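**Student:** Chain residues, written in single-letter form:
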Amino acid sequence: MENKVTRQLYMVPYVLWIVLFVIAPILLVLYYSFFNIEGQLSLDNYQKFFTPVYLKMTLSSFWYAFLITAITLLVAYPTAYLLTKTKHKHLWLLLIIVPSWINLLLKAYAFLGIFGTFGAANQFLELIGIGTQQILFTDFSFIFVSVYIFIPFMILPIFNSLNQLNPTLLDAANDLGASKWMTFKRVIFPLTIDGVKSGCQVVFIPALSLFMLTRLIAGNRVITLGTAIEQHFLVTQDWGMGSTIAVFLIIFMFLIMFLTGTKKRGV
Amino acid sequence: MRKLLNVFLLVSLASAILLLTISRMNAAQGLTSGNTLTIFNWGDYIDATLVKQFEDETGVKVIYETFDSNEAMMTKIEQGGTTYDIAVPSEYMIDKMRQENLLITLDHSKLPNLKNIDERFMDLPFDPDNKFSVPYFWGTVGIVYNSTMLDGIEIDSWNDLWNPKLKNEIFLIDGAREVIGMGLNSLGYSLNDINKEHLREAKEKLDSLTPNVKAIVGDEARTLLENREAAIGLVWSGVASEIMYENEELEYVVPKEGSNLWFDNMVIPKTAKNVEAAHQFINFILDAKIAAQNTEYVSYSTPNKEALKHMPEEMVNDQRFYPPAELTEKLEVYENLGKKNLAYYNELFLEFKMHRK
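For the record, the sequence lines run as chains E and H. Residue numbers for the first sequence follow the UniProt record's numbering, so the first one is 1 and each next one is one higher. Residue numbers for the second sequence follow the UniProt record's numbering, so the first one is 1 and each next one is one higher.
FYI, nobody ran anything at the bench for these hints, they're computed from the structure. Here the structure is a predicted model, which means the values were calculated and not measured.
Here's a subset of chain H near chain E, in silico, CB distances under 8 Å, partners left out:
no.	residue
1	S69
2	E71
3	K214
4	A215
5	V217
6	G218
7	N227
8	K340
9	L342
10	A343
11	E351
12	K353
Beta carbons are placed, not taken as given, at the ideal position from N, Cα and C, and that holds for glycine.
Modelling step: build the complete structure from the supplied sequences, incorporating the hints.
**Tutor:** Structure follows, in structure tokens:
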């Protein structure tokens with residue numbers, strides 16, 4: 001059964017998938033990026049990308065994606081750690097994952113109600129004497145909602161690597177006189193760094209091109225590369241420029257994967 | 001391996017059952033090819049009971065899909081792979097689609113109800129002799145405001161929005177031509193201006209409006225304004241009349257410097273599979289009583305002069321939504337500015353969005 005022909009036969013669906021849905025679209029995006037708005041072959045779009053408008057947009061996309069990832073990590077790591085200590089850890093994990101089954105748009109619309117001037121959040125602020133604030137359409141609401149949406153994706157890989165951590169290592173650290181902080185810094189964190197890295201990848205890369213939330217929650221006060229791509233494809237119909245931004249996003253993603261990639265070490 | 005195969009079989013079986021059920025259900029509803037009409041319209045832009053009535057009268061099954069911008073609609077039709085029999089683009093988009101041969105010529109002999117349309121709305125520059133399109137609704141762009149939240153500030157011009165007292169009180173719609181157009185109008189320029197200096201100037205003027213702008217939103221504007229999230233909105237007239245019905249504190253005004261006059265029109269795109277039923281539907285919608293019922297639901301202004309006779313008087317006589325001809329003549333219709341100028345509009349709009357408070 002394990003002869004060459006069947007093995008090649010098994011490869012067919014995989015190769016077809018990769019070629020049709022990964023390589024071909026990327027090549028098409030690359031192809032379109034070399035056409036300017038009048039349909040002529042040129043490097044106009046690449047030149048345009050290096051104008052202040054798009055550079056500023058890139059920087060702000062990175063800044064927001066960084067903030068979202070950092071805050072998500074700060075929330076997710078302790079949560080994942082506590083989860084591994086609970087009795088029914090898989091049940092608790094499930095409860096955290098369940099909200100990610102609900103459509104993103106529905107959750108965004110729910111936040112429109114919660115954060116509105118007369119919403120639950122402001123009623124609470126009123127109650128504790130702070131008074132009504134503008135929450136919706138601010139940086140705060142944008143980052144808050146994004147973090148909320150990404151948390152499950154960060155918790156999962158961290159939870160898995162914490163769960164695989166051999167508890168005897170912690171006992172050993174304890175026996176050898178390491179303080180709790182020392183144990184965390186020298187034993188737990190380094191051994192779960194792979195989970196943290198893949199969590200950050202799963203959050204940072206989509207965060208870089210968020211676009212629905214920028215309109216619904218941030219009221220277009222936050223403009224990311226994703227927003228610009230959407231506008232170029234749907235409104236301006238400048239597919240070339242949209243593709244060029246997409247090309248840069250793909251490059252950034254590869255760079256991020258490369259920088260945070262896990263090197264196989266002989267353990 | 002065994003287990004994997006079982007799972008695979010189970011999934012295939014489940015998919016097959018689902019597929020079978022769906023095709024059964026479609027067949028039960030009479031949804032077989034050749035007897036359907038696919039309509040591609042703006043969201044919430046028809047009285048759904050009329051679709052049902054059309055189905056009952058003709059036996060044609062209607063598949064109804066919606067879009068939220070002219071450009072998105074055109075992209076879908078241009079790309080092919082769709083079978084829309086009727087679409088409802090705005091005037092500048094019809095001009096563009098006509099030039100790119102995306103439309104089918106209408107057979108006027110199959111549209112006897114076309115006589116119901118007010119001559120004011122026939123034979124307009126974007127489609128001479130109505131060869132490709134039939135007016136569906138029309139309206140203006142203007143300002144809706146909540147008078148009780150503004151304590152006495154009067155609004156009747158674009159420049160009133162720059163009042164420093166209106167901090168964080170304005171919602172803008174997410175449309176490049178509408179927002180840049182507001183900037184142009186407030187400076188006294190035309191909505192179809194393509195002079196780059198004028199456009200820059202308009203964008204800089206808009207930048208100075210940023211402190212007053214709470215957000216740039218899409219269809220959510222309706223709920224947000226209705227719920228008093230902010231006092232002022234730049235909206236289309238139909239949005240205004242709809243939310244004014246829900247919240248009586250709201251008022252609508254077309255600014256005195258001028259504004260946009262627009263027409264949405266029914267067309268039959270090249271993708272049509274059932275041209276016969278498409279004509280039937282257009283004629284059905286043009287019927288005076290049907291149009292009246294539709295207008296009462298949609299609350300934009302109808303171009304159907306016969307329909308006005310079947311509508312409540314206070315609706316027909318409301319000059320905010322049925323401005324007389326001498327007023328509409330001052331308003332401008334969007335022209336198709338071409339891809340390159342449109343790209344410049346959008347770039348400026350993107351820059352305006354990025355301008356921080």
